[in-house]
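Student: Sequence:
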Amino acid sequence: MLQHSAAGLDSSQRNAMLLYGLDLLDQGVTVFDAQLRLLACNQRFLDLLDFPAELGQVGTPFADYMRYNAYRGEYGPGDPEQQVAERVALALRFEPHDTERIRPDGSVLRVRGEPLPSGGFIALYTDKTQQQAYERLQQQQKADLESHVRARTAELEAANQRLREAHAANVQITAALQRSEERLRLITDTIPALIAYFDKDHIYRYANKGYSDWFGRRNEHIVGQHIEAALGSKFYAAVVSYVNEALTGKQVTYEYSMEKDDGTHIFARSTLVPEIAPDGEVLGCFVLSFDITEQKQTQSALVQAQKMEAVGQLSGGLAHDFNNMLTVVIGNLAELRRHEADNTALLSYLDPALQAAERGVALVRRLLTFARQQPLLPSAVDIGALLQDMLQLIRRSLPESIALQSQLPPAPLFAMADPHQLESAILNLVLNARDAMAEGGSLQLGASLARLSEREAAEWQLQAGDYVCIEVADTGCGMSPELLLRVFEPFFTTKRFGSGSGLGLAMVYSFARQSGGAIHVSSTPGKGTRFTLRLPHTQPAAQPAGRLNFSGKAGGRERPLTLLVEDNAEVRRVVRLQLTSLGYPVLEAESGDEAALMLENIPDIGLLLSDIVMPGTLDGRALAQLARSLLPRIRVVLMSGYDDSSQRAGSGFAKLEKPFTPAELAALLDEVMLCPPQA
Numbered sequence: 001m002l003q004h005s006a007a008g009l010d011s012s013q014r015n016a017m018l019l020y021g022l023d024l025l026d027q028g029v030t031v032f033d034a035q036l037r038l039l040a041c042n043q044r045f046l047d048l049l050d051f052p053a054e055l056g057q058v059g060t061p062f063a064d065y066m067r068y069n070a071y072r073g074e075y076g077p078g079d080p081e082q083q084v085a086e087r088v089a090l091a092l093r094f095e096p097h098d099t100e101r102i103r104p105d106g107s108v109l110r111v112r113g114e115p116l117p118s119g120g121f122i123a124l125y126t127d128k129t130q131q132q133a134y135e136r137l138q139q140q141q142k143a144d145l146e147s148h149v150r151a152r153t154a155e156l157e158a159a160n161q162r163l164r165e166a167h168a169a170n171v172q173i174t175a176a177l178q179r180s181e182e183r184l185r186l187i188t189d190t191i192p193a194l195i196a197y198f199d200k201d202h203i204y205r206y207a208n209k210g211y212s213d214w215f216g217r218r219n220e221h222i223v224g225q226h227i228e229a230a231l232g233s234k235f236y237a238a239v240v241s242y243v244n245e246a247l248t249g250k251q252v253t254y255e256y257s258m259e260k261d262d263g264t265h266i267f268a269r270s271t272l273v274p275e276i277a278p279d280g281e282v283l284g285c286f287v288l289s290f291d292i293t294e295q296k297q298t299q300s301a302l303v304q305a306q307k308m309e310a311v312g313q314l315s316g317g318l319a320h321d322f323n324n325m326l327t328v329v330i331g332n333l334a335e336l337r338r339h340e341a342d343n344t345a346l347l348s349y350l351d352p353a354l355q356a357a358e359r360g361v362a363l364v365r366r367l368l369t370f371a372r373q374q375p376l377l378p379s380a381v382d383i384g385a386l387l388q389d390m391l392q393l394i395r396r397s398l399p400e401s402i403a404l405q406s407q408l409p410p411a412p413l414f415a416m417a418d419p420h421q422l423e424s425a426i427l428n429l430v431l432n433a434r435d436a437m438a439e440g441g442s443l444q445l446g447a448s449l450a451r452l453s454e455r456e457a458a459e460w461q462l463q464a465g466d467y468v469c470i471e472v473a474d475t476g477c478g479m480s481p482e483l484l485l486r487v488f489e490p491f492f493t494t495k496r497f498g499s500g501s502g503l504g505l506a507m508v509y510s511f512a513r514q515s516g517g518a519i520h521v522s523s524t525p526g527k528g529t530r531f532t533l534r535l536p537h538t539q540p541a542a543q544p545a546g547r548l549n550f551s552g553k554a555g556g557r558e559r560p561l562t563l564l565v566e567d568n569a570e571v572r573r574v575v576r577l578q579l580t581s582l583g584y585p586v587l588e589a590e591s592g593d594e595a596a597l598m599l600e601n602i603p604d605i606g607l608l609l610s611d612i613v614m615p616g617t618l619d620g621r622a623l624a625q626l627a628r629s630l631l632p633r634i635r636v637v638l639m640s641g642y643d644d645s646s647q648r649a650g651s652g653f654a655k656l657e658k659p660f661t662p663a664e665l666a667a668l669l670d671e672v673m674l675c676p677p678q679a
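Residue numbering for the sequence shown is 1 to 679, as defined by this note's numbering.
Hints were generated in silico from the structure; no laboratory data involved.
The beta carbon of each residue, even a glycine, is placed where N, CA and C say it ideally should be.
Among the hints, erroneous ones may be present.
[To be verified] Computed spacing ranges between beta-carbons, pair by pair:
(1) Ala403 with Asp291: 53 to 63 Å
(2) Arg93 with Pro615: 26 to 36 Å
(3) Gly76 with Ser448: 51 to 61 Å
With these hints in hand, go ahead and build the complete structure from the sequences.
Tutor: This is how it looks when you write it as C-alpha cells:
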C-alpha cells in the first residue's frame, strides 16, 4: 500500500518529503556531488552554522560556504581566499573525516564526512557544546561524590559514637541510616559510573547496579564476597597490587581490561579512594570506575592509521631512491646491450640482469601499492596465472591445521583490474579466512566466469554482462546476520583488541568498486563464510614478443636543443647518454634554480626534460611552468621516481615514470615532438 502511494508521487513531492524528513533531524546534514555542488541539506545545518537561507539552494558550490565562513572570521586570521582554496582542495580528496571545531561564539561543532560510492560526500554536523558541558559536569560530580563520601564517612563515625553513647536512640538512627542508604543507592544506581566499596579484608560491602552489570554478575554474587571469589582469580591477580597500595591510605588510579564471554575486550579506568578512620586506620576503599572501551578502540584505530601513514612515508622515500638506482642500472645495461648486440656470450649475462631490473621495477610498484601511494593501474590480468603465483605465498601464510584447496580455471581467464591491488585483496580475504579457523579447517580458493542477467546485475549493483568470479571460502566460525551487515564498515572488526585495524575488508570493498566490480559475503554461524569477488571480464591486450624493449630505437623527427635537469649525477649521466644517442643536443643542470637561469638566457632551448622532486626553490612542476612562461613553444617532459603530488589533475605536461628504458624515452619524446607546441 505504501509502495503504491509513494510511486504515485512526482519527483518534487518526493524531494519535499525527503527534505521534510531531514529537517526533523537534530543533526545538520549536507550532501554534495562529485563536483562539490549541494544536492541536499536540512534546516538544522543552516541554523548550526548561521548560514542565510539562500545558501540552502540545491546546486550551491561548496566553495560558497567556505567563503561565507572565511569572510566572517570563522577560520581565524589569514587570507580568506587562501582559506577557501585550502578547504576546497581538501574536500576534493573525498576522504572520510571526523573533526571538531570551536566556533568564534564558543560553541563546539563536530563535523563528520564520508565519501559516497558514486562520488561526492555526505557530512553530519553535531553541536557538541552541551555534551562537553555535561562532561565537565560529570567531572565536577566525581569530585562532589568524593567529597560526599568523605563527609558521609565522618557522619557515620559520628553516628557510631552517638550509638555507643545513647543506646536508646539506636532504633531511630538505624532507620534514618537505612533511608539514607536507600536514597544513596538510588542515586548511585542511576549515575553512569561503576561504584563499589570493599573493606580492608578485600570483602565487597557495596556495589551499585552499574558495577555488577559491567562484570556480568548479580549484586548478591558480589556483596559479601572476597574480590577473588566475586570476580575471578584472573581479575584479582590484575588488581591486587593496586588494592594493597590503596589500603595503605593512598588514592590509586589504574586501568584494566576484561574478556567477555563472546571474546571481546572491555576496558575501564578505576580510582580507589581509601576510607580512613579518625585514628588513621584504613577501613576500606571506595571504587569509582568508568567504561573507557570506546575510547580505547578509537585510540587503537588512530595508532593503526598512524602506523600505516609512517609505513607509507617510508615506502615513498625508498621508492624514490630505488627508482633512481634502477634508472642508472637499466640505462647503463641497455646502453651496453646496444653496443654489444652481436656479443652472444655477453648477452647471456646482460639479459638476465635487465630482466632482474625489470622485476625490481615491479617490486617498487608493489611497495607503493602497499603504501597506498600508487594509483590504480588496471590491465588485463590472467586470473589463473595470478592465483597460481600466489598459491605458494598463501600456503606459507596458513598453519598446518588448515587445508588449502584450489580450483583454477582450465583456460586463460582475464579480468580488468590492477594486479597488485588484486593480490592484496585476495591475500586479505585469505588471512581473514585463516583467522576464522582458529581450530583448523579447509580453505577453498577458486575462479570462474559467470554472466550476470539484468536481475542479477541489479542485485549486485553492476551492469549486466560477463564477470570473473573469485571465491574464498572457509569452514570457520562464520558470522551472524548482524555482523554481516557491518563487515565492510571501516574500523569494524571482530578480532581481538589490537589484532587488526578493521580496514582490510573495507579496502577490498573499495578496490572492487573502483575496479567496476563488487564483492558479496555469505555466512552461517558455525559453518563458515564465503566471499565472492566479481571483476569485469575482458580480453587480453596484444602483447609484444619478448620482454621490455631495450633497443632504444624509435622514430622521431625534430631534435631540438634539450635542457636536462636532474639532481642525481648518475641518473643525469645515463639520461644524457640516452638523449645524445637519440640525436638530441643536451645542456645539463643539477637543480631547478640553475635550470631557470639557463632558460632565461638561452632562447634556443626547445625541450625541457626535468625531474619533479629536486632540492632548491623550484621543483620540476614549478620549473615547467616557468619554462612555459619564458619560452611558450617549448616542449616539456617531467620525470618522476616517486612524487605524491603527481596524481593531481591538470598538470598539462607529459610524464615519464622512472625507471625507463631508452625505447620508452624515445617513444615518449617522439610523441611529444609530434604534438604542436603550446604557444
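Student: Indicate, hint by hint, whether the structure satisfies it.
Tutor: Verification of the hints:
1. Ala403 with Asp291: 53 to 63 Å: Distance hint for Ala403, Asp291 is violated at roughly 42 Å.
2. Arg93 with Pro615: 26 to 36 Å: About 27 Å separates the Cβ atoms of Arg93 and Pro615, which means 26 to 36 Å holds.
3. Gly76 with Ser448: 51 to 61 Å: 58 Å, holds
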